[in-house]
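Chains as they are written, first to last, in this note's numbering: chain A, 70 to 210; chain B, 126 to 524.
Source of the hints: derived by calculation from the structure; they are not laboratory data.
Careful, some of the hints might be misleading.
Stated by the list, open to error - To give an idea of the interface, some chain A residues facing chain B are shown, with a C-beta separation under 10 angstroms as derived from the structure: (1) A86; (2) W131; (3) P141; (4) L193.
What the hints assert, rightly or not - Per the computed footprint, the stretches of chain B lying under chain A, defined by three or more beta-carbons under 8 angstroms from a beta-carbon of chain A, are: (5) 320-329; (6) 512-524.
We put the CB at the ideal spot given by N, CA and C, even for glycine.
The residues making up each chain are set out below.
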Amino acid sequence: MTATTPAIEGWFTTGEAPALIGSRCTTCSTVFFPRTEGFCRNPACHGEEFSDTELSRRGRVWSYTDAQYQPPAPYIPAGDPYVPFALAAVELPEGIVVLGQVADGFTVNDIKVGDEMELVVETLFVDETGERTIWRWRPVR
Amino acid sequence: MSGLQNRDVAVAGVGMHPWGKWGKNFVSYGVVAARAALADAGIAWTDIDLIVGGETVRNGYGGYVAGATFAQALGWNGARVATSYAACATGAQALDTARARILAGMSEVALVVGADTTPKGFLAPNAGERWDDPDWLRFRLLGMTNPAYFALYARRRMDLYGATQADFAQVKVKNAKHGLANPNARYRKEVAAEDVLNSAIVADPLHLFDICATSDGAAAVILCSPAYAEKHGLGGGVRIKAISTVTPTFPNTVIDMPLMSTESSAGGVPEQTFKESIGAAAYEEAGIGPEDVDVAEVYDLSTALELDWIEDLALCKPGEAEQLLRNGDTTIGGRIPVNPSGGLACFGEAVPAQALAQVCELTWQLRGQAEGRQVDGARVGITANQGLFGHGSSVILAR
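Looking at chain A on its own, in the form it has when it is part of the complex:
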């Protein structure tokens, strides 16, 4: 029995309109991603409480690259032989730049700094529990 589950728990939602899950400081409203707990990292804030907040699903490319060689462990390749993938750093309206792989089927040739990207959830690798998913950035056409 296998199932499709996120490769990491609690970092993003799945479904029709998936989104990254950040933390909003209930004292100063600063938003953090990945989720945080404990102490607010705004040096002017003493907040210790956070509420989950879904980040914007669209943002603009800050920069991008790809991985022409298979990254070392703990990276788990999706298949054999290795297929290079693109990576993008996307700036969200919240003022946070979030790295992600670029969606299957797109390469660095499909992206420019400033382009609009949308968050999608795709399979990162398959293990004994089934497909493990991750957030990715897909160019908006």
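Start from chain A and add chain B according to the hints.
Same frame as chain A, but now just chain B:
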């Protein structure tokens, strides 16, 4: 900052173990570098009253380093000991520790050592599942290697400033030429632009030859008070004017290795980026400006990063570094030579030793002893580097 009139410390001696892939224990490299620095200073190990070791915390192979490791290898002499970890800035932080004790009058003459033995290939985290470690998560979730971060910065230069892969290749060509006569450099071979452009793409737009290797190596610096230097006739007049080890200011809005995100800029951003603030703090401490600098040793983890550093150190305006390069300004003989040692392009990176190696090179440059790569008449030099986890450094030396 303080009421002290003069916060200079003297560089009494410098020494290195050549960079390479020697496969030996890091301690043996450190001892070679330490003995070279002691010989350069003309000081006996038994006269050293403080030893500071640069540490690396990469796990799983011979990289654990502490000051006492070197003290034991050199033979216990009763010196005080300290150990620093600041990723790529480790050496500078170790130097700063030695400087602080000397300026406080608590030590007279200090030996600072950094040494490393590195693994082959991409630097990767230790085995085992560590779901709370960003350095582990970036590999597991994204396959994000160190060169991929360098590539993000490089691509931005291309899309924002019109930099080309040929520009990046030219940085390698220049640094390869600079390092030809450097006896401590690992790679001493001319490289043509076509060699760079024909090498495999690792992380677009960077080719294999744009990215520095990881190396074994060691560097050591002996610091003392100016009074001690004068009394014993040491060091050729080179002084440390500043050591900047500033941390970032919130929010840090430039994506930093090994993180997967930045802090939010929504509440406003600092006047300077982290890398800009590293150099600015050094200039402020030294009481000089970028226009006073004759030579720079900057952290060319990738060719494109050298161009970033030139701007971060305010040696030119943002977006102008390619023009400096194309003009030959950053070549030895030009207006502001950058990486006369050959830089990481010729050395590869030996993390806890590298910031000290930069100081060694500038010391030789300011003394006029950089044979085959001398920047004529150099009086003021600056270093810069950045490491993981909010570490960075800039050291200013002058004579």
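Each hint tested on the structure:
For A86(A), the interface hint is violated, since its Cβ never comes within 10 angstroms of a Cβ in chain B; the closest pair sits about 20 angstroms apart. A cut of 10 angstroms between beta carbons decides the hint on W131(A): the least distance to chain B is about 7 angstroms, and the hint holds. This hint holds: P141(A) has a C-beta 4 angstroms from the nearest C-beta of chain B, less than the 10 angstroms allowed. Evaluation of the L193(A) hint against chain B yields a held restraint, the C-beta minimum of about 7 angstroms falling below 10 angstroms.
For the region 320-329 of chain B, the proposed coverage by chain A is satisfied: 5 residues have a C-beta within less than 8 angstroms of a C-beta in that chain, meeting the threshold of three. Interface restraint, the region 512-524 of chain B with chain A: violated (0 residues with C-beta to C-beta distance below 8 angstroms; minimum three).
Violated hints for the displayed structure, listed by number in ascending order: 1 and 6.
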